[in-house]
Amino acid sequence: NAGVTQTPKFQVLKTGQSMTLQCAQDMNHEYMSWYRQDPGMGLRLIHYSVGAGITDQGEVPNGYNVSRSTTEDFPLRLLSAAPSQTSVYFCASSYRDSGYGYTFGSGTRLTVV
Amino acid sequence: QQQVKQSPQSLIVQKGGISIINCAYENTAFDYFPWYQQFPGKGPALLIAIRPDVSEKKEGRFTISFNKSAKQFSLHIMDSQPGDSATYFCAPTGNTGFQKLVFGTGTRLLVSP
Chain A
9 NAGVTQTPKF QVLKTGQSMT LQCAQDMNHE YMSWYRQDPG MGLRLIHYSV
59 GAGITDQGEV PNGYNVSRST TEDFPLRLLS AAPSQTSVYF CASSYRDSGY
109 GYTFGSGTRL TVV
Chain B
29 QQQVKQSPQS LIVQKGGISI INCAYENTAF DYFPWYQQFP GKGPALLIAI
79 RPDVSEKKEG RFTISFNKSA KQFSLHIMDS QPGDSATYFC APTGNTGFQK
129 LVFGTGTRLL VSP
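In order, the protein sequences belong to chains A and B. Start counting the first sequence at 9; every next residue gets the next number (the working numbering). Start counting the second sequence at 29; every next residue gets the next number (the working numbering).
Worth flagging that the hints you see were computed from the coordinates, not collected in a lab. Keep in mind that a hint or two might mislead.
[Unchecked claim] Below, computed lysine to any residue pairings styled on SDA-like, alpha-carbon distance capped at 25 Å:
hint, chain 1, residue 1, chain 2, residue 2
1, A, 17, A, 105
2, B, 70, A, 20
3, B, 70, A, 21
4, B, 70, A, 38
Given only the sequences and the hints, what does the whole structure look like? Please build it.
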């Protein structure tokens with residue numbers, strides 16, 4: 009099935025632990041990005057990539073790291089989890105041309121205790 | 029900083045009624061005006077979008093109206109159904125490199141049976 013696949017769907021971490029949220033797309037989209045969604049805050053951009061080997065920071069990058077070695081994959085790493093990182097994380101991808109909209113994954117619900 | 033203002037924050041409509049959600053933007057470089065629909069526990073999904081060369085676009089019960097001079101666009105849901113109950117986001121973008129999607133804060137629509 010074409011689309012954006014995120015794993016895991018749910019995760020509980022202890023403060024200080026690290027983990028990687030996986031994101032993969034099979035639509036050959038150039039752009040990929042990570043958002044977090046918190047109640048009352050809408051969706052906020054964490055990191056994004058305009059192509060393999062190119063990444064940049066978004067609005068709320070602290071505590072997160074990304075890399076993009078292939079067009080398909082864009083993992084998000086939490087370096088040392090904090091309770092403030094409890095959120096729902098969405099990966100999204102799009103073509104370079106803005107006229108196709110973004111495709112979102114189904115999300116990862118992360119709880120840091 | 030790009031600003032996107034969405035209204036209302038929440039909306040209750042009776043089944044069969046018309047739902048109207050508005051989005052105001054500041055950046056005149058935007059050239060793609062989408063609405064995303066998000067159901068609980070799911071990622072946002074592109075619902076309908078319009079380019080600035082037309083003032084209205086209709087897809088089934090969903091219509092976008094675009095007012096370039098007022099820098100506003102709106103989503104109209106005709107014959108609203110309980111299955112339309114979701115959160116709706118506007119997220120206009122341009123076509124000049126990577127566009128950091130700036131989402132409106134969202135409108136929670138509840139269609140009562």
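- prompt: Is residue 17 of chain A within 25 Å of residue 105 of chain A, Cα to Cα?
  reply: 29 Å, violated
Pair hint outcome, residue 70 of chain B versus residue 20 of chain A [Cα-Cα no greater than 25 Å]: With a Cα-Cα distance of about 19 Å, the restraint between residue 70 of chain B and residue 20 of chain A holds, given a limit of 25 Å.
- request: Take a quick look at whether residue 70 of chain B and residue 21 of chain A sit within 25 Å of each other, Cα to Cα.
  value: 21 Å, holds
message: Against the 25 Å threshold, does the CA-CA distance of residue 70 of chain B and residue 38 of chain A hold or violate the hint?
response: 23 Å, holds
Checked against the numbered hints given earlier, this structure breaks only hint 1.
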